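Spelled out from the first residue to the last, the chains are:
There are 2 protein chains.
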Amino acid sequence: MTTPLEHNGPSFATDDTLLPAIAQDIDSNQVLMLAYMNREAWEQTLATGEAVYYSRSRSRLWKKGEESGNVQKVREIYIDCDADTILLKVEQIGGAACHEGYVSCFFRQCVEGELKVIGKRVFDPQQVYRKPS
Amino acid sequence: MTTPLEHNGPSFATDDTLLPAIAQDIDSNQVLMLAYMNREAWEQTLATGEAVYYSRSRSRLWKKGEESGNVQKVREIYIDCDADTILLKVEQIGGAACHEGYVSCFFRQCVEGELKVIGKRVFDPQQVYRKPS
Chain A
1 MTTPLEHNGP
11 SFATDDTLLP
21 AIAQDIDSNQ
31 VLMLAYMNRE
41 AWEQTLATGE
51 AVYYSRSRSR
61 LWKKGEESGN
71 VQKVREIYID
81 CDADTILLKV
91 EQIGGAACHE
101 GYVSCFFRQC
111 VEGELKVIGK
121 RVFDPQQVYR
131 KPS
Chain B
1 MTTPLEHNGP
11 SFATDDTLLP
21 AIAQDIDSNQ
31 VLMLAYMNRE
41 AWEQTLATGE
51 AVYYSRSRSR
61 LWKKGEESGN
71 VQKVREIYID
81 CDADTILLKV
91 EQIGGAACHE
101 GYVSCFFRQC
111 VEGELKVIGK
121 RVFDPQQVYR
131 KPS
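One line per chain: the protein sequences are A and B, in this order.
Position 90, counted from 1, in the first sequence is what our numbering calls 90; the numbers after and before it change by one each time, with no gaps.
Position 15, counted from 1, in the second sequence is what our numbering calls 15; the numbers after and before it change by one each time, with no gaps.
It is worth saying that the hints were derived from the structure and are not from the lab.
Computed from a prediction, not measured in an experiment: that's the story for all the values here.
Heads up, some of the hints might be wrong.
To be verified - Mimicking SDA-like on lysine to any residue, the simulated pairs with C-alpha atoms at most 20 Å apart in a straight line are:
1) B/Lys63 with A/Cys81
2) A/Lys73 with B/Ile93
3) A/Lys120 with A/Asp27
4) A/Lys63 with A/Lys120
5) A/Lys116 with B/Cys81
6) B/Lys120 with A/Asp82
7) B/Lys73 with A/Gly113
8) A/Lys73 with B/Glu112
9) A/Lys63 with B/Ser11
10) B/Lys63 with B/Ile93
11) A/Lys120 with B/Leu46
12) B/Lys116 with A/Ser11
13) A/Lys116 with B/Thr17
14) B/Lys120 with A/Gly113
15) A/Lys120 with B/Lys73
16) B/Lys116 with A/Ile26
17) A/Lys120 with B/Ala83
18) A/Lys73 with B/Val111
19) B/Lys63 with A/Asp82
20) B/Lys116 with A/Gly49
21) B/Lys73 with A/Ile93
22) B/Lys116 with A/Thr17
23) A/Lys116 with B/Asp84
24) B/Lys116 with A/Asp84
25) A/Lys116 with B/Gly49
26) A/Lys116 with B/Leu46
27) A/Lys116 with B/Ser11
28) A/Lys120 with B/Val111
29) B/Lys120 with A/Ala83
30) B/Lys116 with A/Cys81
31) A/Lys116 with B/Ala83
32) A/Lys116 with B/Ile93
33) B/Lys120 with A/Glu76
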């Protein structure tokens, strides 16, 4: 059963609507991160095959890995029942999705009321990102 | 390394702040759904060990499975680097998270510009949910 995407893609009510997009590793199924897409980010992701999000802090499109080189090759895309959440299965170039150098942004586990770092660093952020001048 | 949760849990700016919460199957690592939590939903989830979300459409707390019985037993909880997204690893009672009867709400894949149903129904929604009177 297929239905045309223009009527059944993510439901961006307006060009400014932001929807959450989950990135999951295509091989391990580890959840890597959650970011947001507006319609343009969605369209650029489809067009380029690499994840493009909308950065709420920078108020602009943000191609994942534009600075670090750790882009996300999009292998599969899923939409949820309400068409208001996107799930990307990706190949994470560089092996780490988190700007803090961890494989996943979810590198802290809540255990008995405390947060415990359970992830391992793949890279040193200070070596990967430019320092502010 | 552990840090006290009161300073390092999810960053609910106010009692009304909603943060996305991803539910992932503890065994298969399949992403089941995304919903939202406010502070009270988060606290009830911690206190009960079963997922409680905030329903934006109903404007109230929503214990997952309160009607269908398909509750989510929370096995592990993770917080992302920005402390604004929650990841729950759950045991999904009933085997289906989606109100449409699918294992996952992400039962449609975007393939070559069309949405294709790739999930299989575990239950018939009409048999599980009460019809409006």
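Notebook entry, point to check: Against which earlier hints does the structure fall short, listed by number upward?
Noted result: 2, 4, 9, 11, 13, 14, 15, 21, 22, 28 and 32
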